[in-house]
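*Asks:* Construct all of the structure, not just a fragment, from the sequences and the given hints.
So you can see what is in the structure, the chains are spelled out below.
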Amino acid sequence: MTEVVLTVNNPVGLHARPAKVFVETVRAYKSTVTIQNLSRPQTKEVPVTAFNLLQIGVRQGHQIRLRASGEDEAEVIAALTKLVEENFGE
Amino acid sequence: MIGLLIVSHSARLAEGVQEFVGQIGGDQIPVVAAGGASDGSLGTSVERILAGLEQLRTADGILALVDLGSAVMSVETALEHFSGPPVQISNAPLVEGAYLAAVEASNAEATLEQVAAAALQARELTKVYE
Numbered sequence: 001m002t003e004v005v006l007t008v009n010n011p012v013g014l015h016a017r018p019a020k021v022f023v024e025t026v027r028a029y030k031s032t033v034t035i036q037n038l039s040r041p042q043t044k045e046v047p048v049t050a051f052n053l054l055q056i057g058v059r060q061g062h063q064i065r066l067r068a069s070g071e072d073e074a075e076v077i078a079a080l081t082k083l084v085e086e087n088f089g090e
Numbered sequence: 091m092i093g094l095l096i097v098s099h100s101a102r103l104a105e106g107v108q109e110f111v112g113q114i115g116g117d118q119i120p121v122v123a124a125g126g127a128s129d130g131s132l133g134t135s136v137e138r139i140l141a142g143l144e145q146l147r148t149a150d151g152i153l154a155l156v157d158l159g160s161a162v163m164s165v166e167t168a169l170e171h172f173s174g175p176p177v178q179i180s181n182a183p184l185v186e187g188a189y190l191a192a193v194e195a196s197n198a199e200a201t202l203e204q205v206a207a208a209a210l211q212a213r214e215l216t217k218v219y220e
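So the protein sequences, as listed, match chains A and B. Sequential numbering from 1 applies to the first sequence in the numbering used here. Sequential numbering from 91 applies to the second sequence in the numbering used here.
Among the hints, a few may not be true.
Said to hold, decoys possible - Derived list of chain B stretches under chain A, where covered just means 3 residues or more per stretch with a C-beta under 8 Å from a C-beta of chain A:
#1 139-150
#2 194-200
#3 210-216
None of these hints come from the bench; they were simulated from the model. Where a beta carbon is used, it is the ideal one built from N, C-alpha and C, also for glycine.
*Replies:* Here it is in structure tokens:
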């Protein structure tokens, strides 16, 4: 299992287009990826899907923890980290 | 590839949802707006819906997202005159359903059933935390 904690800094958070890019990135790999919004303690660790991303309400400044399991877990975490750190290209 | 048909009583609302989904999905997903009555006033039009379905003819399946009441009846009537790919009418709320459907449909391998199921999740969405 590979894990990373990141701060989301883009203005809209993990919604709309960024959420879609996030889901598509996960889809491109074989590993299973979960996300937890550490800034909303009432939300749970959930698989990365469009619905779940809307549900956990990640806003600008929130901390997320990503966990990946599978043969390409390091690669998918690296790709997602890059997306978040580059603010989804926005 | 699954196509989305946006049916609303307001032509501008349908076009707005199309615009919203288009900005999310880019050009990956065919999304067609079929809102308003035949003369462009508020209402729904079997002709407009049928024209929209025809535009999506090359898709493997079509998910119709509707707003209220007669939008469903108009789609059902249009379907009686349409012999293209399979069509499902979604029970999902229009905007949220269209968004979730678009993200699912951006996977070219997604089936109509998968896109329809993704849209339907919108009914369970929590927007505001107490």
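*Asks:* Each hint needs a verdict: does it hold in this structure or not?
*Replies:* Verification of the hints:
For the region 139-150 of chain B, the stated coverage by chain A is violated: 0 residues have a C-beta nearer than 8 Å to a C-beta of that chain, whereas at least 3 were required. Look at the region 194-200 of chain B against chain A: 3 of its residues bring a Cβ nearer than 8 Å to a Cβ of that chain, three or more, so the hint holds. Closer than 8 Å: that is the beta-carbon criterion, and the region 210-216 of chain B has 5 residues meeting it against chain A, so the requirement of 3 holds.
When held up to the earlier numbered hints, the structure conflicts with hint 1 and nothing else.
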